Amino acid sequence: MSNAIEVRALVKRYDALAAVDHIDFDVPEGSVFAFLGPNGAGKTTTTEMLEGLRRRTSGDIRVLGLDPWTDGQELHHQIGVIPQEFRFFEKITPKEAIVYYGRLFGKQPDPAALLDQVQLTDKANSRFDTLSGGQKQKLGLALSLVDEPRVCFLDEPTTGLDPHARRAIWKVVRDLKRDGRTVFLTTHYLEEAELLADQVAIINRGRIVARGTPREIIETYGGPERLRVQGPPELAEYVRQKLGIAVRYESGRLEIALREKGDALRILSVIDASGLPWNGFATERDTLEDVFVHLVGQMDEGVLKSAAPTAGGAP
Amino acid sequence: MNPRRIGGDLSIVAHGYVRNPIALFFSLIFPVILIMLFGLIFASTGATTVTLYAQDFDHSPTSVAFLQALNKTHLVQVQVVGASVGNLSTYLGQNGDSAGLVIPQGFGQNFTAHRPVKVILYTNPQDASSAGTATGALQSVISAFNLQAACGGNSSGNCTPVIGASSLNVGSQVYTYIDYLVPGLIGFSILTSPMFSMVDVTASYRKDGLFRQLSLTPLTRGEWLASRFIWYTMLTFASAALMLAIGSAIFGAHVTFSIWLVPFLIGGPLFFVSLGMLAGTVSKIPETAAVIGNVITFPMMFLAGTFFPVSSFSPGLQLVAKVLPLYYVIDGMNQVLLFNNLSRAIGDLAVVLIGAVIVFALAIYFFKWRDE
Chain A
0 MSNAIEVRAL VKRYDALAAV DHIDFDVPEG SVFAFLGPNG AGKTTTTEML EGLRRRTSGD
60 IRVLGLDPWT DGQELHHQIG VIPQEFRFFE KITPKEAIVY YGRLFGKQPD PAALLDQVQL
120 TDKANSRFDT LSGGQKQKLG LALSLVDEPR VCFLDEPTTG LDPHARRAIW KVVRDLKRDG
180 RTVFLTTHYL EEAELLADQV AIINRGRIVA RGTPREIIET YGGPERLRVQ GPPELAEYVR
240 QKLGIAVRYE SGRLEIALRE KGDALRILSV IDASGLPWNG FATERDTLED VFVHLVGQMD
300 EGVLKSAAPT AGGAP
Chain B
0 MNPRRIGGDL SIVAHGYVRN PIALFFSLIF PVILIMLFGL IFASTGATTV TLYAQDFDHS
60 PTSVAFLQAL NKTHLVQVQV VGASVGNLST YLGQNGDSAG LVIPQGFGQN FTAHRPVKVI
120 LYTNPQDASS AGTATGALQS VISAFNLQAA CGGNSSGNCT PVIGASSLNV GSQVYTYIDY
180 LVPGLIGFSI LTSPMFSMVD VTASYRKDGL FRQLSLTPLT RGEWLASRFI WYTMLTFASA
240 ALMLAIGSAI FGAHVTFSIW LVPFLIGGPL FFVSLGMLAG TVSKIPETAA VIGNVITFPM
300 MFLAGTFFPV SSFSPGLQLV AKVLPLYYVI DGMNQVLLFN NLSRAIGDLA VVLIGAVIVF
360 ALAIYFFKWR DE
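Line by line, the protein sequences give chains A and B.
All residue numbers for the first sequence refer to numbering that gives the first Met the number 0, where the first residue is 0 and numbers rise by one.
All residue numbers for the second sequence refer to numbering that gives the first Met the number 0, where the first residue is 0 and numbers rise by one.
In short, the hints are calculated from the structure, not lab data.
Just so you know, these numbers come straight off a predicted model, no measurement behind them.
Idealized CB from N, CA, C, for every residue including glycine.
Just to be clear, a hint being listed does not mean it is correct.
Stated by the list, open to error - Straight-line C-alpha distance at most 30 Å; calculated DSBU-like pairs for lysine-lysine:
1. A:K90 / B:K283
2. B:K367 / A:K94
3. A:K106 / A:K90
4. A:K90 / B:K367
5. A:K122 / A:K176
6. B:K321 / B:K71
7. B:K321 / A:K106
8. A:K106 / A:K122
9. A:K122 / B:K206
10. A:K106 / B:K367
11. B:K117 / B:K71
12. B:K283 / B:K367
13. B:K117 / A:K94
14. B:K283 / B:K206
15. B:K206 / A:K90
Unchecked claim - So these bits of chain A aren't anywhere near chain B, every CB distance computed over 10 Å:
16. A8
17. A15
18. S30
19. G51
20. A111
Given only the sequences and the hints, what does the whole structure look like? Please build it.
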């Protein structure tokens with residue numbers, strides 16, 4: 000499989016500050032690539048250099064074999080872009096916007112079909128300034144598809160959207176992949192990346208700190224699988240003494256690291272034999288979000304959000 | 000330049016515009032309100048300041064003293080024009096001036112020799128107050144000179160007047176305030192619609208990232224600017240038609256449509272669409288850009304001959320008016336609509352078109368939709 004995007008030793012400097020500092024990655028054609036990082040890490044700068052909106056300081060970028068800065072006109076016929084917080088002419092309706100883009104690109108798109116694809120049919124004739132944030136993003140997505148692009152750049156397409164709207168955009172991303180298109184996705188939602196992406200790269204302070212499939216990243220950088228059991232503090236002490244292993248106790252819950260799957264059965268049989276009360280149990284691994292927080296080391300509220308609570312609790 | 004893309008963008012501009020009542024109001028309705036208001040207020044009146052244009056064919060100490068005496072009345076302000084302007088009456092008519100004076104050759108010699116001599120005063124009967132003021136000032140100075148020449152210098156007491164005055168009407172056509180208001184308000188539309196709108200659009204689209212969005216399409220900066228230029232030219236034609244129709248039908252303006260009006264209705268919007276975009280490019284902050292746009296627009300709105308003929312301004316202000324590009328648009332339209340003075344109109348048009356090409360080139364050069 001050839002690469003839709005190739006980035007080598009890419010640097011973007013603003014005076015002394017290296018916003019992007021010698022990064023390398025490839026995005027195979029037909030895959031979904033998630034580019035993650037906290038605010039100010041260099042995600043949008045990188046994305047805009049890939050889109051041809053920003054000139055790089057050094058390094059090389061090829062998108063479908065073209066240099067985005069010098070070959071922008073040609074490239075823009077082959078890529079679709081939704082910027083963060085998509086904006087458009089306020090008095091124009093989604094249907095008119097699609098016809099407009101069709102005329103710019105020399106295409107004759109079917110507005111009804113495109114609006115149906117992004118679930119915006121009911122707002123086809125509403126002016127842009129009356130649309131909600133999610134509806135505006137959906138229109139941005141529809142417009143990015145007018146020219147039937149081979150590569151779609153989606154820069155935080157679901158930020159601020161309600162769960163229903165978010166799932167609608169996820170469906171479009173899956174459809175794009177099914178149609179063989181490449182999707183370059185930046186997102187704050189780690190669950191989104193885990194659900195949609197074939198490959199993930201995490202950028203922090205301008206450098207890529209992890210790269211691979213979500214599973215590879217979790218296995219490489221995450222902690223071991225853990226057993227969680229609800230019970231009293233005495234139970235934690237009992238297990239420590241009986242098995243001679245470390246037991247973490249917090250909020251009415253024991254947490255024990257597992258070296259191998261069979262450990263869970265042994266520990267549970269000890270717990271059951273203790274005669275002490277215990278309730279549900281579950282095993283769990285680090286999520287991509289856990290790994291992200293660990294790697295970036297600077298999670299703060301509002302910077303990184305989870306689309307849904309992480310799984311856990313009794314089976 | 001791709002006509003399909005320009006057409007597509009033009010349709011978006013048009014849709015946005017007709018759905019924006021404020022933009023429509025200021026483009027088409029506001030000038031109509033202005034012409035109705037000014038037309039009613041100043042109907043059948045002329046300019047308010049009396050500037051007396053004097054053509055001195057004598058150039059003698061006496062003629063110079065005569066003009067200085069007129070200035071000292073503080074009723075008129077003498078502005079000397081050379082023989083090169085040709086017939087003073089025609090000159091006054093073409094420039095919308097209400098009062099002029101011709102001092103014939105031999106004025107000084109005749110005066111010294113106590114031989115009768117006549118000066119010619121041109122006034123506009125429709126501008127009664129200016130005519131009255133100029134006549135009054137002239138008569139008082141003539142009386143003083145006659146008194147000095149005939150009575151003061153002759154002890155016999157034979158006070159025969161030496162200097163007399165003939166009074167004639169200005170020009171072959173009498174122009175009223177409304178005649179100047181029609182081209183003036185067409186110029187107002189040419190200036191204000193594109194300037195206010197383009198400054199705002201350029202600054203706010205950049206701030207909102209809309210230009211970056213458009214840069215991802217095949218639309219070029221030149222095509223984007225071209226569609227705006229076409230739109231504002233269309234608005235200008237609509238506004239000009241309204242002004243000509245209302246001015247003629249309601250206020251009886253003496254305007255005659257000429258095909259030579261068309262280049263001004265194209266060159267004017269090209270100049271101000273480009274200038275608006277250039278002003279909007281200077282600052283990334285829309286509010287600052289708006290201030291810059293206002294600093295450029297407001298002096299032109301009042302000093303370039305939109306509401307009052309430039310000839311009614313003081314000589315200093317007239318000089319200021321002549322550095323404003325809108326002056327040449329309005330003066331050119333005055334020449335083609337009122338005076339049928341094509342040679343001067345072509346000069347004005349050349350200034351407008353050369354300026355428009357320069358400003359257009361600068362706007363395209365400085366206006367970027369991508370960041371470095």
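Okay, the hints, checked on the actual structure:
Taking the CA atoms of K90 (chain A) and K283 (chain B), the gap is near 23 Å; set against the 30 Å cutoff, the hint holds. Proximity of K367 (chain B) to K94 (chain A) is assessed by CA-CA distance (about 28 Å); at most 30 Å being required, the pair is judged to hold. Simply put, K106 (chain A) and K90 (chain A) have alpha-carbon atoms about 23 Å apart, close enough for the 30 Å limit, and the pair holds. For the hint pairing K90 (chain A) with K367 (chain B), the CA-to-CA distance comes to about 24 Å; that is within 30 Å, so the pair holds.
A distance of roughly 26 Å separates the Cα atoms of K122 (chain A) and K176 (chain A); the hinted pair therefore holds under the 30 Å criterion. Using a Cα cut-off of 30 Å, the hinted pair K321 (chain B) and K71 (chain B) holds, with the two alpha carbons roughly 27 Å apart. For the given pair, K321 (chain B) sits about 49 Å from K106 (chain A) by alpha-carbon distance, which is inconsistent with the 30 Å threshold. The hinted pair formed by K106 (chain A) and K122 (chain A) meets the criterion: a straight-line CA distance of about 22 Å does not exceed 30 Å.
With a CA separation close to 26 Å, the supplied pair K122 (chain A) and K206 (chain B) stays within the 30 Å bound. Distance check on the hinted pair: K106 (chain A) and K367 (chain B) sit about 26 Å apart at the alpha-carbon level, within 30 Å; holds. With a CA separation close to 21 Å, the supplied pair K117 (chain B) and K71 (chain B) stays within the 30 Å bound. Pair hint K283 (chain B) plus K367 (chain B) holds up; C-alpha atoms about 12 Å apart against a cutoff of 30 Å.
Taken as a hint, the K117 (chain B) and K94 (chain A) pair is broken in the structure, with Cα atoms around 78 Å apart against an allowance of 30 Å. A C-alpha spacing of about 7 Å is found between K283 (chain B) and K206 (chain B), which places the hinted pair at or below 30 Å, so the restraint holds. Distance check on the hinted pair: K206 (chain B) and K90 (chain A) sit about 18 Å apart at the alpha-carbon level, within 30 Å; holds. Under the 10 Å C-beta cut-off, the non-interface status given to A8 (chain A) relative to chain B holds; the minimum distance is some 20 Å.
In this structure A15 (chain A) is separated from chain B by more than 10 Å, as the shortest Cβ-Cβ distance comes to about 17 Å. Annotated as non-interface, S30 (chain A) keeps its C-beta farther than 10 Å from every C-beta of chain B; the closest such distance is 22 Å. A cut-off of 10 Å between C-beta atoms contradicts the statement that G51 (chain A) is not in contact with chain B; the least separation is 7 Å. With a cut of 10 Å on Cβ distances, A111 (chain A) stays outside the contact zone with chain B, its closest approach being about 19 Å.
Hint compliance for this structure: hints 7, 13, 19 are broken, all remaining hints hold.
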